[in-house]
Structure formats: C-alpha cells, structure tokens
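Novice: For the record, the sequence lines run as chains A and B.
Okay, so the first sequence: first residue is 1 according to full-length UniProt numbering, each after it adds one.
Okay, so the second sequence: first residue is 1 according to full-length UniProt numbering, each after it adds one.
Hints were generated in silico from the structure; no laboratory data involved.
Heads up, a few of these hints could be off.
List time: in silico DSS-like cross-link candidates among lysine-lysine, alpha-carbon distance up to 27 Å [claimed, not checked]:
hint, chain 1, residue 1, chain 2, residue 2
1, A, Lys272, B, Lys136
2, A, Lys162, B, Lys136
3, A, Lys574, A, Lys162
4, B, Lys136, A, Lys312
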Amino acid sequence: MSGLFKARYTLSRSQVLERTWPFVLDLGVAAGLLACFYAVLLIARYWMSGAVPEVVISLRPGILPVYAFYSVVRIGVAYLLSLLFAVGYGYVAAYNPRVEALMIATLDILQSIPVLSFLPALMLAMMALVPSRQLGIEMGAILLIFTGQVWNMAFSFYASLKSIPRELREACTINRFSAWQRLWQLELPFSAIGLIWNSMVSVAGGWFFLMICEMFPVGDKNFRLPGLGSYLQTAANEGNTRAMVYGLVTVGVIIVLTDQLIWRPMIAWSDKFKFENVESGDRVTSPILFALRRSNVLATLSRRTLIPLSEKIYHDLAYRREHQQKTPVKAADERRNTLLTAVVGLALVMMVIAAAFHALLLLKNIHAAEIVLLLKGAAATFLRVNVSLLIAMAWTVPVGVAIGFNPRLSKIAQPIAQIAASFPATALFPVVLLGLMKLGAGLGIGSIALMLLGTQWYVLFNVIAGALAVPSDLREVADVFHFNRWQRWKTVILPGIFPYLITGLVTASGGAWNASIAAEYFSLKGQTLMTLGLGAQISQATYQGRFSVLLLATIIMALMVVTINRLVWRRLYKLAETKYRLDA
Amino acid sequence: MAEPIIRAQQVEKYYAQPSENRIQVISPTDLSIQTGEIVALLGPSGSGKSTLLRMLAGLSRPSGGEVYWHGAPIETAKINVSIVFQSFALFPWLTVMENVEAPLKARGMAATERRERSEKILDTVGLDGFEAAFPKELSGGMRQRVGFARALVVEPEVLFMDEPFSALDVLTAENLRSELLELWQKKTIPTQAIFLVTHNIEEAVLLADRIIVLGRNPGHVRTDFRVATLAHPRDRKAPAFTQIVDYIYKVLTRPDVMPDMPKLKAGRPVRDQRQMRYEMLPHARPGGIAGLLELAIDFGGRTDIYRLADELAFEIDDLLPIVDAAQLLGFLRVEEGDVVITPTGREFAESEILRQKELFREAALEHVLLLRQISRALRSKSDRTVPEEFFLDMLDEQFSDEETQRQLETAINWGRYAELFDYDASRRRFTLPEEEETAKSVVEEGGAE
Numbered sequence: 001m002s003g004l005f006k007a008r009y010t011l012s013r014s015q016v017l018e019r020t021w022p023f024v025l026d027l028g029v030a031a032g033l034l035a036c037f038y039a040v041l042l043i044a045r046y047w048m049s050g051a052v053p054e055v056v057i058s059l060r061p062g063i064l065p066v067y068a069f070y071s072v073v074r075i076g077v078a079y080l081l082s083l084l085f086a087v088g089y090g091y092v093a094a095y096n097p098r099v100e101a102l103m104i105a106t107l108d109i110l111q112s113i114p115v116l117s118f119l120p121a122l123m124l125a126m127m128a129l130v131p132s133r134q135l136g137i138e139m140g141a142i143l144l145i146f147t148g149q150v151w152n153m154a155f156s157f158y159a160s161l162k163s164i165p166r167e168l169r170e171a172c173t174i175n176r177f178s179a180w181q182r183l184w185q186l187e188l189p190f191s192a193i194g195l196i197w198n199s200m201v202s203v204a205g206g207w208f209f210l211m212i213c214e215m216f217p218v219g220d221k222n223f224r225l226p227g228l229g230s231y232l233q234t235a236a237n238e239g240n241t242r243a244m245v246y247g248l249v250t251v252g253v254i255i256v257l258t259d260q261l262i263w264r265p266m267i268a269w270s271d272k273f274k275f276e277n278v279e280s281g282d283r284v285t286s287p288i289l290f291a292l293r294r295s296n297v298l299a300t301l302s303r304r305t306l307i308p309l310s311e312k313i314y315h316d317l318a319y320r321r322e323h324q325q326k327t328p329v330k331a332a333d334e335r336r337n338t339l340l341t342a343v344v345g346l347a348l349v350m351m352v353i354a355a356a357f358h359a360l361l362l363l364k365n366i367h368a369a370e371i372v373l374l375l376k377g378a379a380a381t382f383l384r385v386n387v388s389l390l391i392a393m394a395w396t397v398p399v400g401v402a403i404g405f406n407p408r409l410s411k412i413a414q415p416i417a418q419i420a421a422s423f424p425a426t427a428l429f430p431v432v433l434l435g436l437m438k439l440g441a442g443l444g445i446g447s448i449a450l451m452l453l454g455t456q457w458y459v460l461f462n463v464i465a466g467a468l469a470v471p472s473d474l475r476e477v478a479d480v481f482h483f484n485r486w487q488r489w490k491t492v493i494l495p496g497i498f499p500y501l502i503t504g505l506v507t508a509s510g511g512a513w514n515a516s517i518a519a520e521y522f523s524l525k526g527q528t529l530m531t532l533g534l535g536a537q538i539s540q541a542t543y544q545g546r547f548s549v550l551l552l553a554t555i556i557m558a559l560m561v562v563t564i565n566r567l568v569w570r571r572l573y574k575l576a577e578t579k580y581r582l583d584a
Numbered sequence: 001m002a003e004p005i006i007r008a009q010q011v012e013k014y015y016a017q018p019s020e021n022r023i024q025v026i027s028p029t030d031l032s033i034q035t036g037e038i039v040a041l042l043g044p045s046g047s048g049k050s051t052l053l054r055m056l057a058g059l060s061r062p063s064g065g066e067v068y069w070h071g072a073p074i075e076t077a078k079i080n081v082s083i084v085f086q087s088f089a090l091f092p093w094l095t096v097m098e099n100v101e102a103p104l105k106a107r108g109m110a111a112t113e114r115r116e117r118s119e120k121i122l123d124t125v126g127l128d129g130f131e132a133a134f135p136k137e138l139s140g141g142m143r144q145r146v147g148f149a150r151a152l153v154v155e156p157e158v159l160f161m162d163e164p165f166s167a168l169d170v171l172t173a174e175n176l177r178s179e180l181l182e183l184w185q186k187k188t189i190p191t192q193a194i195f196l197v198t199h200n201i202e203e204a205v206l207l208a209d210r211i212i213v214l215g216r217n218p219g220h221v222r223t224d225f226r227v228a229t230l231a232h233p234r235d236r237k238a239p240a241f242t243q244i245v246d247y248i249y250k251v252l253t254r255p256d257v258m259p260d261m262p263k264l265k266a267g268r269p270v271r272d273q274r275q276m277r278y279e280m281l282p283h284a285r286p287g288g289i290a291g292l293l294e295l296a297i298d299f300g301g302r303t304d305i306y307r308l309a310d311e312l313a314f315e316i317d318d319l320l321p322i323v324d325a326a327q328l329l330g331f332l333r334v335e336e337g338d339v340v341i342t343p344t345g346r347e348f349a350e351s352e353i354l355r356q357k358e359l360f361r362e363a364a365l366e367h368v369l370l371l372r373q374i375s376r377a378l379r380s381k382s383d384r385t386v387p388e389e390f391f392l393d394m395l396d397e398q399f400s401d402e403e404t405q406r407q408l409e410t411a412i413n414w415g416r417y418a419e420l421f422d423y424d425a426s427r428r429r430f431t432l433p434e435e436e437e438t439a440k441s442v443v444e445e446g447g448a449e
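Taking the hints into account, I'd like the entire structure generated from these sequences.
Specialist: The following block contains the structure:
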C-alpha cells in the first residue's frame, strides 16, 4: 500500500517537475518575445527620427543600458547581414567555376584591406543616400562593421562547401534533392561548425570597429552615434575615469553574456553537425541550450509555423519539378547565354576601370614630400606590427604550451582566453594609454601595446589548441629518451604547434595592421596624440577630410598586407599544411 | 529480347588535358541491364567500376555515347534509381527517420504518408525502434541498413550499389547480403534490377545472375557472363561455385591473356596492355613483396592466390597489387590462378637484407622503365640531381594527375629501398645517395692512378 502510494507520489512529483519547469521557461520565452517586439519599436522610432549628427553623449551610468542596447543592435544587424552575404557569396563562388577563381581572389584581397579607411567615404555616402534621417549614419556604421566581419565567414562557408564528401553530394543528386533541400540538409549543416567559430571571431572584430566608428570626425563634420563606443570615447576625452570604468564593465558584461547566452549554446548545439563516425566523449555543454530544447512554446511555435511552411515549400518545389519538361539545353540558347554573360561582364569591367581611373586621378594632387612621409610611416607601422607580433609570440608560446599540456589548466584557461579575445581592445585603449602616459611612454610605444592588446589572444588560443593537439605518444617519446629542454622544443613542441601558431599569427597580423589606424592617432583628454605611422596618417587624413592622402595611404597599407600575405604567410601555411601536419 | 531497363551504347569517359592527349578512363562500352537480374561489376582498382555505375545511374554524363532508359535518352527520361554507397553517405545530423524520409521529402510527399512509408521500410530492413537514433550512435552494419532503407524507400526500379559491404566486417557483410537476397527473391521490394559494383569475387558469385569483369587502362569489358546455372542460396564449397571464382581470378590476374571458360561465352577481345610506354606500377611496398614471397615458400613455392588471400585474411584488392608487383619484378609467375615462385624470387626471399636490396635493385632496373630512367638521368647529370617535374611531365602523358602522383610515390618507395637514388621531399628532386657517390669517386681516383 505504502509502496503504491510512494510510486504514485514520485510519479506525480515527477509530473509536477515536468510541468513547472517548461512553464517557467515558457514564461521566460514569452517575455523574451515581448521584449523583442518593444526593442524593434524602439529602434525603429530612433532610426526614423531626423538626423542628429551632434548627438550629445551623456556620461550618466543610468543611460548605459540604452547605449549598450543600441550598440548590440548595430552588431547584431551587421552580423546578420554578414551571415546572409557570406552564405550567398560562398555558394555562388563554390558552384560557378567560371567566376570561382576571381571571387576567391577578391575575397583574399578584401580581407586584407584596412576597413577603417573606408569609414569616412562610407559615412558620407550613407548620409547622402538617406539624407535627413539618423538611419543614414547608422547604416554607415553597420556597413563598416559588416565589411570588417564578412570575409572570413564567406571564406569558411566556401571552404566547407568545397570539402563536402562526394558520396554525400551524390546521395542528394540521386534522391533528387532540390537546391533548397540540399542547402538545409547538407550544405548548411556541414558548414555549421566552421561558420559558428568564424562568427565568434567576426563578432569580436565587429566590437573592435564599433568602438571606433560610433564617434569620429570627418573634415568639419562630427559623427556621433549613441552607444558604448561613443560613451567610452567621450569619457576618455573628458578624462572621466569613473565613467570609463562603468563603460568597460558594461562592455565586459555584454561580452560574457554573448559568450554564455549565444556562443556556448551554439557550440553545444553544433556538436550534432560534427562529421564524424564515432561519438566523442568531450563536448561543450550549455544549460541554456538544454532549457531551450525543452521549451514548449518554442516547440509549438515551430510546429505551427516553421514545419507547415517547410512542408509547403518542399511540396511546391517537387510539384514544379515534376511539371517541368526536361528539355536539353539548345546550343543556340547556350550561345546566347554566353554572349549575354560576356556583354554584362565587359560592361562591369569597363565600369570598374572607369571608377578606378577616377580614383587614381585623385592621387594627382599629392606632393612628393607627402609620399615620402607616407612611405616612412609605412615602414614605421610595419616595424610596430612585427614587434607586436614578436612580443605576442614571446609570451603566448610558452604560456600557451604550458596551458595546453596541462588539461586541468586548459579547461579553465581556454574559455577565459576566448572571452579575452572577444573583448574589444579599442575599448581598453584609453585606459591603457592613460596608464602608459603616466609611466612616461609616448604613443610610439603605446601603439605597440595597443596592437598587442588587440591581437595577442588569437595567438594564445591557437597555441593552446596546438599544444592540445600534440599527440601524447610524441610527448612520451621525448620523455622516454630524456630529451633535454631544447631538443623537446625543437623536435616535438614547435613542429607540433606550428600550423596553429601560423593560423594565430596570420589573424594577429591582419588585426595589428587594422589596429594601427586606431592606435597611432588618439584623442585623449581633449588633446590629439599621434606618432609617425601609416595608421596615424590614415586617421589624420580622415580627420582633415583629405581624401587623396587617405586613398594613397589605404592603397599602400593594402598592398603591404597583401604582399606580406602572399610572400610570407601563404608559404608558411603551405609548409604547415604539408610538412607539419600531424593527421596525415 | 525485350528492351532492357538501361542500355548504354558506346559510352566512354575521358578527361581532357591541357595538352593534346586526353586521359581515357573508360573506352567505348556497350552494356545493358535487363529486368529481373542482379548484375555484378568486378575489376581491379582503376578500371572505372564506380565511374561506369555513375554513368548508368545518371549521376555522371558520359564523355561520349548515350545511356538509354527504357529506350529514351537518360537526360530526358524520368528515372527512378537509388544508390547504396560504400561510405553509407548518411547525413550525420539527421536521425535515422529523417535520413530515410529525405528522398520522399524531395519528391514532395505529404508528411503522414512519408512517415508511413519510412516506418514500413525501416521495419523491413530490421531497424524497428531506431527511428530517433542518429547514425553515429549505430554500428557500421546498422548504418548500412539505414543506407539500404533510404535507397529502398523510393521503391527504385533499379538499385545501384557501390561496394556496399566493403566497409563492414565479414560477418555483418554476410548477414546483410543474405537479407538483401531474401528481399529480392521474395519480391518484398518492387525493385526490377540490381547493379552491384564490388571488388570481392565471392560476393559477386554469391549474389549475381550476371557478372561483368572490367580491365583497366583504360577501363573495358573483359568478360560478361551469366551465372544463372547456380541456384540460390549458393554454396561456396560447390565445385561449380569455385570454378567460377577461379575463372574470375584468372581473368583478373592475367590482364594479357583471356582464360577459357568452357561453359560460358568468352568476353570481347582484349587490347594489348603493353602498348603503353610505362608499365603501371602496382602500389605495393618492397616489404610486402618480400613477405608474400616468404609465405609462398612456406606453401612449397606454389599456391592458389585464393588460398593465399584467405591465409592472410586479405581482400583480393589488397593482395593483387603485391602479386602484380612480384610478377613485374620477375619474382613470381601466375599460372592458372596459382602463384609460382621463380628462382630469383626464392633467392630474394631467402637472402639477408643487403643481398635482398641488391636483387631488388637488379630486378627493378631490368623490369621497371621508370626506375631505369630515373637512375640513368641521375648518373648522366653532373650535379647528380634531377627534379621530380621532369618525370611528372612524362608520366602525365599517360596517367591521370592522381595516378601520376601515385606512380611516382611507388617508384620513390622502390627506388629508396633499392638504394637506386634518394628523394628530397622538400625540394621535390631525386639525388644519388652519398655513399655511392663517394664509392664511385674512390673508384675513379683509383682508376686515375
């Protein structure tokens, strides 16, 4: 009797548990949806208001949540745009052999161009496009972030598409999958993991740029967008330490929240897209994901909307194909198509040439002295970038290897390094600069510190990943034969982490070049600090509205980055892919 | 005879090269698949088995010729085929159910009907209760069952199978084979014909009503015969069974001679394999060759390849390159499906390592054109180095890019073993080993005195 009672009790108890949890969750989800609705309203009202280029940035702590919200929306919109573009671009490049090589080369170059140089031109263009609305400036900022974060994602998607195993593709073809079904059941799942990791890097890059482009002057115009970046810059300009601390804490909170609420659940979720044959033991877990998976509201919502919609799409696609006459392409049609492509292509090429010619005309009125100065600046920045890389390597390699070889330490340190890498260095610039100036260092050294701040984390977490990937039997060999420290580093550790180190350094190098624009020219406490460097020259040209100098400086920087990539990084990459591969 | 389901007329496959020559993968071939038959396609690797399957299934367009589906060109016909893949080709992110439903979804079938059909087929292949599992949670055999379910759920008129059992262990494969045969014979599935690509001779003889054997360089039909005289289930020990198996072994191991198959009609005349300037190097390692020869001696110097493969628990596809290599080097002869060790082969197997290398070197220089060329080129050059590209260009004329690479890899492997030359992988060039150079210079100095 009592046994029965007990059974029933536990049963009902478990039912209560089953019921209450999702209910609370559902409330949460519903509240979230309401909040979304209100947020859209808020943004729309603000964006549609008249242009207010000289927004007054308040330093009240109470306004921080609103500013943070605006900044997050900018990042979010830019990210969504990037995702759509990346998928589209990667798809077109992977499936059109005619344009593939060109598109990938373009991607490579666009990745190397210093994004911040585009800022003034982009802003002015957007202001002209949407003249009397706040939307114009906002779009400028969003587009800038977009150009900063889209390329690596596009490349990742393209690379994933290219590496889909042949038999999976054939399974799709033989089963008559439509392009739509192939996208959702093969291509997106297959590339999901790469896209998510690249998204993390991209969004971190987005924050980096946002901190700068929310407030900047072009010629006599001063663009300001209410947000965390402008808040921090205003605080730095006024020397308001308390406000700076508030701002930084807010940025930190947002970064940690993004990591916990978005990236971790995404990574945990993406585990099912791992293309492997055996179940792996170690995986990321996320309570948020667990909760979302159990939510009734979401399940019902999906059952009521998404699933019927997708059923209809599949049905229509199949119907259309069934009723489509299979006719072989006629030669005449093909010829007409080729002709059309040729004409359109030619027109495009002509337009590009004309535009490029006009841009080069701008360069006419630059004095020789200025060119010499730009070249000197380029040399100085080149030196700084490399010094910052060397310093980064000097400390991250031993530390990263130590962390990677110690599983307990790496479990703690890896997520921290990940968050640290996501923290926008540009937000820390003012604080670090103030500190350095107190120590008597100038911006010349200061800018190296700033580059380091922005890029060392990429090196660090790549080294950790590399050290984790060194097979333990190789390390045991070193133990068994009593390798001395030097031998150990030379024959086991350095070759083992080499491919990862290169990946980290490539990312860091690109980041450092971009950072130079922000780091070599800085306004602090109402005064402008600058040092000799290409980055400073770009910033100054922006400030003075001298577009010809801006253009030339940008070209020089892009050329240098592309050249270094081709001559140094690509070769090292090849070496890493062939000689130092561990899984071959 | 009624119009076959699939008829291939003079289909061929080649890849155009930047230079004038093209690489012929499959020479013009006629082939048809009739209603009610299981056709097995056998052949050494590189004979274009899978390519032929893909052309017949409409996945790959032939470079020349035409495939007809019930008499209509395959591009315009509405075909209903499925493929079971060697790697299973399941979507790891979809559940078993979703994987099986996917082809029906592509055909726009309503959700309830889709579910019903999928449930039924999963039941048929013995996956009841695994609907919600993900492929990675299943064993290899279970996964291939999902592969079968996905292929059969659309009720294909022709079922294509590309080495469907070769990724499975022996017992699982046996089990799945007999289940498939049962479904086919009891007409549980409405499939009209099965086309099976395999490298396992026994598997072909166990399942097929008709067997086609391909030769390579380029792929062509060596023989095409019916096995219908054997009733199912077939007994591996039956003399008729082993006769057919032996016959196919002979066809496969003697590319230049067509053995007799008294009761069966012979295949098409065979083209001369030695037209090529370079012989195709079998991808075998010197160590493997030595091992094979030692084993052959243990068997008294003469043994059945079939038995040898069995002894080693090797698939024939893994063993054949080693046999080919030993044969090429003059260490072995293949007679009537038996391997016979030659005197040099015996000496090689019984010598110690340095002598072995010497014998290998002599044999390689005598029988392998590529090694002879490399060796000569190295000796004629004053700096004793020759870039790899030099030979790549010559091989390119004859082999596909991939095969060229493999040929060179094997040549390097053999040449290094024979101490004919050294290969500098980072600079991609051949060099003469230093010892030999110094030895030579000593001799030269001595001669000068």
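Novice: Quick one: which hint numbers does this structure break? Sort them smallest to largest.
Specialist: 4
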